[in-house]
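Visitor: The residues making up each chain are set out below.
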Amino acid sequence: MKKIARGLRYAFTVMNHPIRGFYDIRFEGQGNSVAATLCLVFLIAMFVVQKQYTGFIFNTNNIREFNVLQEICNVLVPVFLWCAANWCITVLMDGKGRFSDIYMATCYAVVPYAVATLLRVILSLFLTQQEQTFLGIVSGIGIAFTALLLFTGIMSIHQFTVSKTLFSVLLTVLGMAFILFLVLLFASMFDQMVVYISGIITEVRLRM
Amino acid sequence: MKGKRWGILLTAIALCGACPAVQAASGEESLYTPVSSFASYTYNYWGDPVECPAPYTVTRTVTGVDIGVGELKKPNDMAVGPDGDIYLAVSGDAAGDNRIIRLDGQLNLLEEWTGYTADDGWTVPFQEPLGVFVDKDGDIYVADGASKNIYHMDGDCRLKRTVLPPDPDENAFIDEAFVERYRPSKLVVDVSGRIHVVAVNVNEGIVEFDPDGKFEGFLAAGKVNATPLEILWKKLSSQEQLDRMADFVPIEYNNIALDQDNFIFASAAAIDESVVLSEIRSGNGTEQGALVRRLNMLGNDILRRNGFGPPVGDYPVEETIDNIDATYQGISRVVDMACGDNGCYSLLDNNRNRIFTYNSEGYLLYAFSGPDETAGGFRTPCSIVQYGKYLYVLDSGLRSVTQFTRTGFGDAIADAIQYQDNGQYNAARTAWENVMAMDANYDLAYSGVGKTLYQYGEYEQAMRMFKLGNDRTWYSRAFKEYSKGVVSRWFAPAVVALAAILVVTRLLVAVICRRRKSRKPAGGA
Chain A
1 MKKIARGLRY
11 AFTVMNHPIR
21 GFYDIRFEGQ
31 GNSVAATLCL
41 VFLIAMFVVQ
51 KQYTGFIFNT
61 NNIREFNVLQ
71 EICNVLVPVF
81 LWCAANWCIT
91 VLMDGKGRFS
101 DIYMATCYAV
111 VPYAVATLLR
121 VILSLFLTQQ
131 EQTFLGIVSG
141 IGIAFTALLL
151 FTGIMSIHQF
161 TVSKTLFSVL
171 LTVLGMAFIL
181 FLVLLFASMF
191 DQMVVYISGI
201 ITEVRLRM
Chain B
1001 MKGKRWGILL
1011 TAIALCGACP
1021 AVQAASGEES
1031 LYTPVSSFAS
1041 YTYNYWGDPV
1051 ECPAPYTVTR
1061 TVTGVDIGVG
1071 ELKKPNDMAV
1081 GPDGDIYLAV
1091 SGDAAGDNRI
1101 IRLDGQLNLL
1111 EEWTGYTADD
1121 GWTVPFQEPL
1131 GVFVDKDGDI
1141 YVADGASKNI
1151 YHMDGDCRLK
1161 RTVLPPDPDE
1171 NAFIDEAFVE
1181 RYRPSKLVVD
1191 VSGRIHVVAV
1201 NVNEGIVEFD
1211 PDGKFEGFLA
1221 AGKVNATPLE
1231 ILWKKLSSQE
1241 QLDRMADFVP
1251 IEYNNIALDQ
1261 DNFIFASAAA
1271 IDESVVLSEI
1281 RSGNGTEQGA
1291 LVRRLNMLGN
1301 DILRRNGFGP
1311 PVGDYPVEET
1321 IDNIDATYQG
1331 ISRVVDMACG
1341 DNGCYSLLDN
1351 NRNRIFTYNS
1361 EGYLLYAFSG
1371 PDETAGGFRT
1381 PCSIVQYGKY
1391 LYVLDSGLRS
1401 VTQFTRTGFG
1411 DAIADAIQYQ
1421 DNGQYNAART
1431 AWENVMAMDA
1441 NYDLAYSGVG
1451 KTLYQYGEYE
1461 QAMRMFKLGN
1471 DRTWYSRAFK
1481 EYSKGVVSRW
1491 FAPAVVALAA
1501 ILVVTRLLVA
1511 VICRRRKSRK
1521 PAGGA
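Which chain is which? The protein sequence lines are A and B, in order.
Those letters in the first sequence? Residues 1 to 208, per the numbering used here, in order.
Those letters in the second sequence? Residues 1001 to 1525, per the numbering used here, in order.
This is chain A alone, in the form it adopts within the complex:
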């Protein structure tokens, strides 16, 4: 329990001193994967809150189509794709980070975005349509902060140079697209296989 609490507090250390913070995750055994997962859960919760509690003026979601599972997928799928693709790429590029390091770094990096989302929701309750820009600024800062953290995170845990990090990020994005493609291909093949087998079964049953 104490360990988790320390892990959660570590999110703030990472935000304040990203380079040292991420370095310590990899080489000093700082951070905690349970706490990191909690950060991710926090982001999911903020996504849900955003859908449900954004002020009426800015909330254009149809409540009838709201789906928590989809919100969860919206967070989990990109995060795990990112981690998996990044791990695949950096292993080949002599990165020092292990999968758990990548995962933790990613999870800690999304915290600013989650906080910005929360701030955005609270602000949206008090702003009028003309002041919409402020909401954009808030989430813009959140995204920029998260992107920066993600970048330094990859750099620190793999001990890359800036240019190598940029290159690896590019490859990671390509890798994500590739994995997605494979998954879809697999799904459609599997679907065809199921249709084929069920077709055979129907055929056989009709002839028996």
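Simulated from the structure, these hints should not be mistaken for laboratory data.
Cβ coordinates follow ideal geometry from the N, Cα and C atoms, glycine included.
One thing to keep in mind: the hints can contain errors.
What the hints assert, rightly or not - Each computed SDA-like pair below joins lysine to any residue, with the alpha-carbon atoms no more than 25 Å apart:
no., chain 1, residue 1, chain 2, residue 2
1, B, Lys-1467, A, Phe-66
2, A, Lys-51, B, Arg-1472
3, B, Lys-1480, A, Leu-123
4, B, Lys-1484, A, Gly-136
5, B, Lys-1160, B, Gly-1217
6, B, Lys-1484, A, Leu-125
7, B, Lys-1480, A, Ile-179
8, B, Lys-1467, A, Phe-126
9, B, Lys-1480, A, Gly-55
10, B, Lys-1467, A, Leu-125
11, A, Lys-51, B, Ser-1274
12, B, Lys-1484, A, Tyr-53
13, B, Lys-1467, A, Thr-54
14, A, Lys-51, B, Ser-1282
15, B, Lys-1484, A, Ile-122
16, B, Lys-1484, A, Gly-55
17, B, Lys-1467, A, Lys-96
18, B, Lys-1480, A, Phe-134
19, B, Lys-1484, A, Ser-33
20, B, Lys-1467, A, Tyr-53
21, A, Lys-96, A, Ser-33
22, A, Lys-51, B, Tyr-1045
23, B, Lys-1467, A, Ile-122
24, B, Lys-1480, A, Arg-64
25, B, Lys-1480, A, Gln-130
26, A, Lys-51, B, Asn-1044
27, B, Lys-1484, A, Lys-96
28, A, Lys-51, B, Glu-1460
29, B, Lys-1467, A, Arg-64
30, B, Lys-1484, A, Phe-58
31, B, Lys-1480, A, Tyr-53
32, A, Lys-51, B, Lys-1467
33, A, Lys-51, B, Gly-1217
34, A, Lys-51, B, Glu-1279
Stated by the list, open to error - Short, incomplete list of chain A residues facing chain B, as computed with Cβ under 7 Å:
no., residue
35, Phe-56
36, Asn-62
37, Thr-128
Position chain B relative to chain A; hints supplied.
Guide: For chain B alone, kept in the frame of chain A given last:
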């Protein structure tokens, strides 16, 4: 061991990825019941159809035989006179089929003309009357497609003048080929006497004639919508390829109408469906995907599109089970418009044979009628006109004219809009509440009541109403005023309270400090 764990993880990711697909397959069920083919409805904020009471009912339908003029072979157009009389332009292969028929508002035959009376007293037959218009003095204008002339006649069909097709010798920008393909089909004449003609085979825009009948030029030539990619592709193609490619052709207008303020409504049929669909999805209509434009004298589109979605008729939401009528694919095809009071206008769709009425802001008031002929619907509607509380629709498939009369529900909406435009806020509120009593799901009624409350400064109540009516713009306005009120109400008390808290804490600190001081020597002793 480790590898196995990652395998499980990857499977989980795959499953997550498949999750939305599973949802899509199960169908996003709407809680609204599917709207039947002959129901009245409106679209809510999210583009879902919401049923509403009938705004119009069919009160009379007549065919040519019913009114005693024989079958109407090719009914082309309909116009309404200043006194509410209906004029039909009918063509056909036989000589006697080409005629202008005048009916009264209850669709009883008044007169029938097979030609105009020339100065010398002879009746010259019409060749192919494709369009008819009646101006405020009761003068009849007929667009004759075969002779390419426009005949201006008085109320008894005595010729006043003939407007000839544009002369290529006098105008540099048209040629013989233009005159060859030019076939005037629909026309309106504005108060100044300018004649605006929509012609078949002409995509240069609306053909304009000045009050003297002289060709002036084209209005609102359709812009060619080419994406940068298409332009690049054309640049890279060889001449042979270009020859086989579809040309970028500006849109061709297919009908025209004049509204109360003398602006021209023009409809275009061949709009890129994907553009319209993307605008429906985004909810923001622009001129790009406009089935209907409202043109000023410069040819600029000034139609307001502030409704829940663009004013393009039905929103065919594919892939959902509650698609209101899956047998009719695609977007609406607007073939005619009718302009009513207070900037309201109705569009006639001959894809699903519905009529869509919008207010001046572009909110869909109601959609009604449909393809069900047995229930008073249409087969191939081609023309619509409005006179007061009557709507008339000409059907070229059924060869009939249908009279619609506005119901109490439609009247209540019309009244409410009228009062709102006149600034009679209390009356408007009563009228909107009347609408609300008949249809509790009518969003505009809530925002209508909200606007009255806003005018009287009851911002909190107004906010509630705008929320119910899903009107975010007005909600924001009311919210601004409301928060202003809250701040000015509580600013002084808040400052006083803050000051009081500061003073009290100061005093407390001072008291505690003094006590400690006085206690210290005592404790030390």
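Visitor: Any of the earlier hints contradicted here, and which numbers?
Guide: 7, 11, 17, 19, 24, 27 and 33
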